[in-house]
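**Student:** Residue strings, one per chain:
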Amino acid sequence: MTTINALAAISVAYVLLLFAVAFFAERAAQRGNAGILRAPIIYTLSLSIYCTAWTFYGAVGSAARNGLEYMTIYLGPSLVLIGWWWGLRKLVRIGRSQRITSIADLISSRYGKSNLLGVGVTLLAVVGTTPYIALQLQSVTLSVEVFAQADAVNLHNKQFTAFWVAVGLSAFTVIFGTRNLDTNERHHGVVMAIALEAIVKLAALLAVGTFVVWGMSGGISGTLERIDQSSLGLWEVQGGRWVGLMMLSSAAFLCLPRMFQVLVVENDNDPQLRMAAWAFPLYLMLMSLFIVPIAVVGLDVLPAGSNPDLFVLTVPLSQGQNGLAVLSFLGGFSSATSMVIVAAIALSTMVSNHIVMPIWLRFSATTASVSGDVRQVVLLSRRLSIAGVLLLGYLYYAMSGGGEALATIGLVSFTGVAQVLPALLGGIFWRGATRTGALAGLTAGFGIWLYTLYLPSFGPGVVLPESFFVDGPLGVSWLHPHALFGIEGLDPLLHAVLWSLSLNTVAFFAASLMSFPSPLERLQGAQFVNVQQAPGSARGWSQGAAQAEDLMVMSQRILGATEAQALFQRAAQDQGLAGYLPEPTPAFLQVLERELSGSVGAATAHAMLGQIVGGMAVSVEDLMAVADETAQMMEYSARLEEQSAELSRTAAQLRAANDKLTRLSVQKDAFLSQISHELRTPMTSIRAFSEILRDTDGLTGEERNKYSSIIHDEAIRLTRLLDDLLDLSVLENGQVSLNIVQGTLREVLDRAQAAASANENGPALDIQRDLTRESVVLFTDTERLSQVFINLISNAGKYCDAAQPRLEIRVQKTDKDLLVDFIDNGSGVAPDAQDVIFEKFSRVSDQKAGGAGLGLAICRQITARLGGEISYLPGQGGAAFRVQLPLSMTRAA
Amino acid sequence: MPLFVERQTYRRRRLVDAARALPVLGLMLWWVPLLWSLPEEPMPASTALIYIFLVWAGLVAAAGLLIYALQAKRNRGPEDAP
Numbered sequence: 001m002t003t004i005n006a007l008a009a010i011s012v013a014y015v016l017l018l019f020a021v022a023f024f025a026e027r028a029a030q031r032g033n034a035g036i037l038r039a040p041i042i043y044t045l046s047l048s049i050y051c052t053a054w055t056f057y058g059a060v061g062s063a064a065r066n067g068l069e070y071m072t073i074y075l076g077p078s079l080v081l082i083g084w085w086w087g088l089r090k091l092v093r094i095g096r097s098q099r100i101t102s103i104a105d106l107i108s109s110r111y112g113k114s115n116l117l118g119v120g121v122t123l124l125a126v127v128g129t130t131p132y133i134a135l136q137l138q139s140v141t142l143s144v145e146v147f148a149q150a151d152a153v154n155l156h157n158k159q160f161t162a163f164w165v166a167v168g169l170s171a172f173t174v175i176f177g178t179r180n181l182d183t184n185e186r187h188h189g190v191v192m193a194i195a196l197e198a199i200v201k202l203a204a205l206l207a208v209g210t211f212v213v214w215g216m217s218g219g220i221s222g223t224l225e226r227i228d229q230s231s232l233g234l235w236e237v238q239g240g241r242w243v244g245l246m247m248l249s250s251a252a253f254l255c256l257p258r259m260f261q262v263l264v265v266e267n268d269n270d271p272q273l274r275m276a277a278w279a280f281p282l283y284l285m286l287m288s289l290f291i292v293p294i295a296v297v298g299l300d301v302l303p304a305g306s307n308p309d310l311f312v313l314t315v316p317l318s319q320g321q322n323g324l325a326v327l328s329f330l331g332g333f334s335s336a337t338s339m340v341i342v343a344a345i346a347l348s349t350m351v352s353n354h355i356v357m358p359i360w361l362r363f364s365a366t367t368a369s370v371s372g373d374v375r376q377v378v379l380l381s382r383r384l385s386i387a388g389v390l391l392l393g394y395l396y397y398a399m400s401g402g403g404e405a406l407a408t409i410g411l412v413s414f415t416g417v418a419q420v421l422p423a424l425l426g427g428i429f430w431r432g433a434t435r436t437g438a439l440a441g442l443t444a445g446f447g448i449w450l451y452t453l454y455l456p457s458f459g460p461g462v463v464l465p466e467s468f469f470v471d472g473p474l475g476v477s478w479l480h481p482h483a484l485f486g487i488e489g490l491d492p493l494l495h496a497v498l499w500s501l502s503l504n505t506v507a508f509f510a511a512s513l514m515s516f517p518s519p520l521e522r523l524q525g526a527q528f529v530n531v532q533q534a535p536g537s538a539r540g541w542s543q544g545a546a547q548a549e550d551l552m553v554m555s556q557r558i559l560g561a562t563e564a565q566a567l568f569q570r571a572a573q574d575q576g577l578a579g580y581l582p583e584p585t586p587a588f589l590q591v592l593e594r595e596l597s598g599s600v601g602a603a604t605a606h607a608m609l610g611q612i613v614g615g616m617a618v619s620v621e622d623l624m625a626v627a628d629e630t631a632q633m634m635e636y637s638a639r640l641e642e643q644s645a646e647l648s649r650t651a652a653q654l655r656a657a658n659d660k661l662t663r664l665s666v667q668k669d670a671f672l673s674q675i676s677h678e679l680r681t682p683m684t685s686i687r688a689f690s691e692i693l694r695d696t697d698g699l700t701g702e703e704r705n706k707y708s709s710i711i712h713d714e715a716i717r718l719t720r721l722l723d724d725l726l727d728l729s730v731l732e733n734g735q736v737s738l739n740i741v742q743g744t745l746r747e748v749l750d751r752a753q754a755a756a757s758a759n760e761n762g763p764a765l766d767i768q769r770d771l772t773r774e775s776v777v778l779f780t781d782t783e784r785l786s787q788v789f790i791n792l793i794s795n796a797g798k799y800c801d802a803a804q805p806r807l808e809i810r811v812q813k814t815d816k817d818l819l820v821d822f823i824d825n826g827s828g829v830a831p832d833a834q835d836v837i838f839e840k841f842s843r844v845s846d847q848k849a850g851g852a853g854l855g856l857a858i859c860r861q862i863t864a865r866l867g868g869e870i871s872y873l874p875g876q877g878g879a880a881f882r883v884q885l886p887l888s889m890t891r892a893a
Numbered sequence: 001m002p003l004f005v006e007r008q009t010y011r012r013r014r015l016v017d018a019a020r021a022l023p024v025l026g027l028m029l030w031w032v033p034l035l036w037s038l039p040e041e042p043m044p045a046s047t048a049l050i051y052i053f054l055v056w057a058g059l060v061a062a063a064g065l066l067i068y069a070l071q072a073k074r075n076r077g078p079e080d081a082p
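Chains as they are written, first to last, in full-length UniProt numbering: chain A, 1 to 893; chain B, 1 to 82.
Hints were generated in silico from the structure; no laboratory data involved. In this text, all values refer to a predicted model and were calculated from it rather than measured experimentally. Keep in mind that a hint or two might mislead.
[Unchecked claim] From chain B, some residues computed to sit far from chain A (all C-beta separations above 10 Å):
1. E6
2. T9
3. R20
[Stated by the list, open to error] Chain A regions said to be covered by chain B (calculated; three or more residues, Cβ under 8 Å):
4. 104-112
5. 239-246
6. 282-291
No residue lacks a Cβ here, since even glycine has one placed at the ideal position from N, Cα and C.
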């Protein structure tokens, strides 16, 4: 009883350590110390989830049964990584540039964002991976049993262990695998824990191997001798299986959902891949180094009939090396858990993005632009999917009874997922590959795999009736599951691999040749195939139909309010607009779609945008870019055009800046003469009338009164002008001291309205206000603020040229700012004047309303001092000014 | 477009060629065991193990060196997309 208790304690401690590592990695990442977490070595180690418990325990078992054949499983992936320059580099770049979230997403995205393909690949992945997860649960259970037997304890229920392992793994995966929605952000915690597990399993296998070679067989030469004398002493690998399995494992390495997750989705720079290209083959080499010695010694030392799959555990135990056995147990446990965690993350992303979200979208189609956070829905669906995937694995394990049949499931599963390979490679290297082709290939491959390998793997008579294996279904012998088309004598696995992959490829190729891709498919195809040459993005959305606000509402639900607003504001700034709503240009829609697809997958993101934009239109230029077979040349020239467009944009900006400067300079000159004129006119009349008063005798009292009040009025006008100038210069130099008091916006507006209408002398201005929205408490310099409002209201009174002038004052609150808009119904400010009206001495029209053109300049200075901003809002059907004030007015104090 | 590229660029391209050729070489070397299946002269498992692992170690070393050399060239020479 002691060993099993100690084992339980050690396992729990180990699991706690993993939780701690994951937790601190997440914390470090949140604080921005992601440097180590992104290190190439961590990436390389995370690839080690390729070595599951099936390889940790099973490789020795396979070596004991079939000799050196087990090596093919490691040789294939080694070649794939050593040949990174051929395909992996491109795949990883596509993954990064297209924000791919899973292998199903890659296939769906490449073939015109087809959700049907996404669903197909997802189903294939779930069917192929579930038995594999069951296998991991079985390995943990079996290894625990070994210790129980050593203690002579009878575990009353084997499934008890498997169940709790499954529960623990789903908890870990839910906690660290669904922290953020964007699967392109790395799961630092998970990756770090997996890297640690990679070290533990390698160390465990090396420790057992070292013990076997130097502790039991007398060094290297002794071991080699022992190998040659054993039943594995001769090279007896079947040539077909040697080649076939090497190819199969290479294919599976690229297509397994969990490998795709760590290899492509979690990758974030090229140096990571460069290191993995040599370091991961080294890791695989070390993993397989001691397999044969352990198998040979196990066959030698242990009684006949012991399960060779557990030699890694039972050999040290039989020698009384309990510590070593526990280390080995931890190695196997690590292999099993890391595989299950990553597989669950990968599958849950696929299930949630390609199955749950589309269904959810369909049933909530009418509410697509209602606000509310969808992120919780997506995260919940992802969490439920994780639990569902593990539950499926557990059920499979429980139903299959955990027998020997499971041991062969590894290669069956490999063959299943390898069916994605033709569509994957065709998709990234061949622009002629179409959605129809991919569907045909996948269907053919999947069907043949099910029929010839997967269903028979349950044993004759379980799913397929026994008669099928005697003389074919219904007596049709050329449909025999192990001898299609009457070709007999092949190994069943090779038979299935050969037929499924070759017919898959033929169907894929033929259907691609015969079908015609949709415009979107051709665009995506060009982007995927030419990812190195043309990193730019294809435009797909047409402008106009989309409403920026609806888009904003939808994005907020998926990305979260803060992220979405930041994204929109950035886009608006890039377009040269103030505020939060950019023009829904095709370029912006493209960026938005890609951003969304990082969270919910390409097909779903596309569908969600489609709901709002109302279908997509491919522009003529885009069609031209793909229609011509010399598209590479066209893309090159397109890039040149883009550069020249960039240059002309810059030139236009410079020209605009220059124009503005010129206009300012002209204005300044004009102002100088204006100010001299303004100063001179009152001066002249003051001088003239004072001379009259001084020199003319016999003026009546009335005349004297009249002349002196003219002098008085002119002096007031002078004073006001000088006051304004002084005010402005004080504000500009920042010498003003603010008098912060508490008040409501309504009071300030009331005061401003009263003051402005007192000066009014034109037709009465109809001011429309919304009093309830105005009851916002402000901590600011209300005097100064009302000065701004007075200016805006009296400007509207002065310049609004409508027959019945009306001014609307709108108040809205965003999360950071208070926005007060003044919108009149006049003809507005001419576009060329809009960018200078806030400059000093700027007047819309000479002489129209008097004044020196200082009002708006003063307003701008004041709002800036109050921590806000005043801007002109174009396109409101009249002149519109927006005063933006920070909600936390304390900053202004 | 000049007909000949600079020496550095030339060297870099040949390194890329080597990197591309390496997996092909590995595949050929690892298919050599297919010849051993001939019944006349069975190959001892120890020899087979040594051969396969030597090839493996050689490939790892070659891949590592090539990547190192490519990086060194990239840091010194002008960027040249393959």
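**Student:** Work down the list of hints and note, for each, if the structure agrees.
**Tutor:** Going down the list of hints, with the structure as the test:
no.	hint	in the structure
1	E6	holds, 21 Å
2	T9	holds, 17 Å
3	R20	violated, 5 Å
4	104-112	violated (count 0)
5	239-246	holds (count 4)
6	282-291	holds (count 3)
In summary, the numbered hints that this structure violates are 3, 4.
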